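So the working numbering is basically just the index in the sequence shown, starting at one, shifted up by 12.
Don't read these hints as lab results, they were simulated from the structure.
Bear in mind that the values here come from a model prediction, so they are computed numbers and not experimental data.
Don't take every hint at face value.
As the list claims (entries may be wrong) - Computed cross-link-like contacts, DMTMM-like style, restricted to lysine to aspartate or glutamate with a CA-CA straight-line distance of at most 25 Å:
no.: 1; residue 1: Lys459; residue 2: Glu526
no.: 2; residue 1: Lys459; residue 2: Glu435
no.: 3; residue 1: Lys34; residue 2: Asp277
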Amino acid sequence: MGLQLLLLAGGAVGVAAIARRKGWPAPLLLVAAGLLVSPLVPSVPLQPELVLYVFLPPLLYSAALDSSYLRLRDVKRAVGLLSIGLVLFTTAVVGLAVHLMLPDLPLALAFALGAIIAPPDAVAAVAVGRRLGLPRRSLTILIGESLFNDATALTLYRVAIGAAVGGAVSLWEGLGEFLFAAAGGVAIGLALAFVFAWIFQRTRDSLVENTLMLLIPFAAYLAAESVHASGVIAVVIVGLYLGNRMHLRGFGTRLVSDAVWKVTDFFLEAIVFALIGLQLVTVIEGITGYSAWAVAGYAVAVLAVTIVSRFVWVFTVTLVIKVWRRGSAPSSAESVILGWAGMRGVVSLAAAFSISGVAPRDRALLLFLTFTTVIGTLLIQGTTFPALIRRLGVSSEQEQYEDRLAEAAAQQAALESGLAELERLVGELDGEPDEIQRQVIDQLREKSWRRSLSAWERLGGGTGAGGAETPSALYRRLRRDMLQAERQVFVRLRDERRLDDEVLREVMAQLDFEEAILER
């Protein structure tokens, strides 16, 4: 098992690395690779507990840390309509459709399937959208939906499975459980957010703070789930709160945190999407008592209903908003993009694998229909999503220009404030500055002006008049070459035993930080 997990992780990282080099969506390539090798390797069963308690919390927390609370607040209505309203609508439509196709299947299990496949996983859509310049509003809505829809879907799923296994559950009981899960998740998330924010104010140690950061999502998820509240909401609330206050942490904490969570996301997402494809043989082998054509027909029908129901909801809500004229309604192009960005992910598959207490034949069918819906949405919608964005001509170029303009103006204001503080400090010196002090002061002024100049130059795409290299670009290019030459000298001196390895690591870190600033 240890070797199997190692090969899985290594293979997933290798495929993801190829996708990054080629500029392809890594989730789609990982799923396709998993499907291809599934018949050739020993089965790697997907453990629901592994997904829900190990993979899901850090991925949710990282996404929440990287999200903007202010932007999410601006689109809270759209996020709520998708993460709650659309999940309820999809659950109802898919459940009724499955019940009509399979009247022998208990109605509660039909609705359980609807809840399982209702929440999209926006990882693939956001990855494609960012690379192709999808407008920030659309990306924010997709991210916000993916942060909160799992909570709605998993609560509906528990209610439906409870009804299928333990008897009838009234509408009010289900609504009460949903409200308790949501309110409990928010309360626990806020409580833990305040606690950890208080701790961070007193640590001021980047290593300790980032180690605690790795524990926070698991603590929040377990704390909420232990009282039957929503662990998903608890994790998201903690992540949004601490992410919004990240500016209060030290620079070392922010630098390390960014690197830690990028590596964590890359590693976990690679394994998760590879695991989805590797379930092919396991899922197919469980189907008994149905003809192949019948099962294929059920799968196509469920996939079609799932895709169409999202379009119906998105365009209906858009029409209602336009009629009522409350808030800014999405444009037609934005509605199409939001409607097509409904790729399902590993949470749906984990929920299907966790079904227990029902007839094996019914469980195998639900698992198969979930698997085909996840694969179908990833491969059909995921592969056509880039072409759709290009076809609609949706772009964030105007937003990018406005961002650069705002950054340049902010840099100018910060420059003036910094220079004013410098002049104040110079005035507090005893007597006139000597030659060395004047050189230091001039260097500080020059560095401030260079950073501000670089921001204004980016408004022109980083080129000067006639496409010539700007002064800032020239400075960065020459300084990078100089840094490389300096590194070679340090390494040569180390190899000649004239410099210790510990000293080499220290000076290399200094040069690396300077080059990182140049790259920025």
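Here's how the hints hold up against the structure:
At most 25 Å may separate the alpha-carbon atoms for a hinted pair to count; Lys459 and Glu526 meet this at roughly 13 Å. Between the alpha carbons of Lys459 and Glu435 the distance comes to roughly 15 Å, so the proposed pair stays at or under 25 Å and holds. A threshold of 25 Å between alpha carbons decides the hint, and for Lys34 with Asp277 the separation of about 19 Å falls inside it, so the pair holds.
In summary, this structure violates none of the numbered hints.
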